[in-house]
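Student: When you read off a place in the sequence shown, starting at 1, and then add 132, the result is the number in the working numbering.
Among the hints, erroneous ones may be present.
Claimed, not checked - Computed spacing ranges between beta-carbons, pair by pair:
{"id": "1", "residue 1": "P167", "residue 2": "S248", "range": "29 to 35 Å"}
{"id": "2", "residue 1": "T284", "residue 2": "T186", "range": "29 to 35 Å"}
{"id": "3", "residue 1": "Q245", "residue 2": "G201", "range": "28 to 34 Å"}
{"id": "4", "residue 1": "E317", "residue 2": "E202", "range": "19 to 25 Å"}
Just so you know, the hints here were simulated from the structure itself, not pulled from any lab data.
Just so it is clear, the structure is predicted and the values come from calculations on it, not from any experiment.
Ideal Cβ placement from N, Cα and C applies to all residues, glycine included.
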Amino acid sequence: MSTLVGGCLGALALGAASSASATVVQWADLTSYNPSTGVVTGTITVGSEVIDITISGGGYNFVNLGNPGETNYWTEPNALSRPYTGGEVENAPPGTDIIALSTGGLKTITFSQTVSNVYLALVSWNGNSGVFDQPFEIVSSGRGYWGTGSFTSVTDTSFTGSGELHGIIKFTGTFDEVSFTDRSELWHGIQIGIAGLAPPPPVGGIPEPGTWALMISGFGFAGGALRRSHRRQTARGLA
Numbered sequence: 133m134s135t136l137v138g139g140c141l142g143a144l145a146l147g148a149a150s151s152a153s154a155t156v157v158q159w160a161d162l163t164s165y166n167p168s169t170g171v172v173t174g175t176i177t178v179g180s181e182v183i184d185i186t187i188s189g190g191g192y193n194f195v196n197l198g199n200p201g202e203t204n205y206w207t208e209p210n211a212l213s214r215p216y217t218g219g220e221v222e223n224a225p226p227g228t229d230i231i232a233l234s235t236g237g238l239k240t241i242t243f244s245q246t247v248s249n250v251y252l253a254l255v256s257w258n259g260n261s262g263v264f265d266q267p268f269e270i271v272s273s274g275r276g277y278w279g280t281g282s283f284t285s286v287t288d289t290s291f292t293g294s295g296e297l298h299g300i301i302k303f304t305g306t307f308d309e310v311s312f313t314d315r316s317e318l319w320h321g322i323q324i325g326i327a328g329l330a331p332p333p334p335v336g337g338i339p340e341p342g343t344w345a346l347m348i349s350g351f352g353f354a355g356g357a358l359r360r361s362h363r364r365q366t367a368r369g370l371a
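Using the sequences and the hints, build the whole thing.
Tutor: See below:
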């Protein structure tokens with residue numbers, strides 16, 4: 133009986149820990165695409181703050197902006213193999229917004245404010261690769277709209293998709309932009325999300341080393357003056 137109770141408590145604790153660690157990602161609302169410049173724009177809302185986002189590089193097969201009749205490629209058809217919510221992320225990209233990359237080359241994602249932890253959701257990276265300017269970690273992968281696949285040839289800053297790779301990668305830290313290069317194919321999709329805004333810097337900041345030295349010498353001078361004053365007062369008392 134005690135073993136059963138202990139096992140139940142352990143399972144509850146594990147479930148609570150998993151729930152506590154889940155991240156609600158703020159996904160981009162893509163709003164415009166200019167084929168002549170190859171620039172996609174959108175916004176990400178965090179509380180009352182609206183962050184502008186720009187994706188440049190061009191060479192897209194298509195861009196879905198959440199209009200009626202578009203296909204939602206962010207589905208998870210198998211509850212046991214979830215490409216977007218099978219890890220720390222609680223919510224898959226909503227709606228149909230997606231950038232379908234086609235012509236390989238440099239792509240740059242730029243934010244109007246510094247953001248915390250960038251997430252990149254992937255659709256159908258079949259044999260394609262990503263080489264990034266920032267280290268990333270794999271959050272999840274599984275069976276998606278086009279089937280299943282996996283991350284291969286993974287390094288701190290690159291991967292290759294094997295099969296119909298669907299999943300999420302994460303860039304930990306604070307960022308104003310993230311860049312990557314990919315290879316050409318019919319299309320492979322992305323959507324961009326963030327954990328939130330970057331925390332503000334500490335009030336007053338941290339003193340420079342020279343300032344610390346002046347403060348310490350000042351404390352020493354003040355301490356010495358207090359000791360000398362105390363000795364003079366003691367001498368007067370004895371006299």
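Student: Decide, hint by hint, whether the structure agrees.
Tutor: So, going through the hints one by one against the coordinates:
Checked against the given bound of 29 to 35 Å, the beta carbons of P167 and S248, roughly 32 Å apart, stay inside it. Evaluation of the 29 to 35 Å hint for T284 and T186 yields a pass: the beta carbon distance comes to about 30 Å. Checked against the hint of 28 to 34 Å, the pair Q245 and G201 passes, with Cβ atoms roughly 33 Å apart. Range check, E317 to E202: Cβ separation about 21 Å, and the 19 to 25 Å hint holds.
Hint check: no violations occur; every hint is consistent with the structure.
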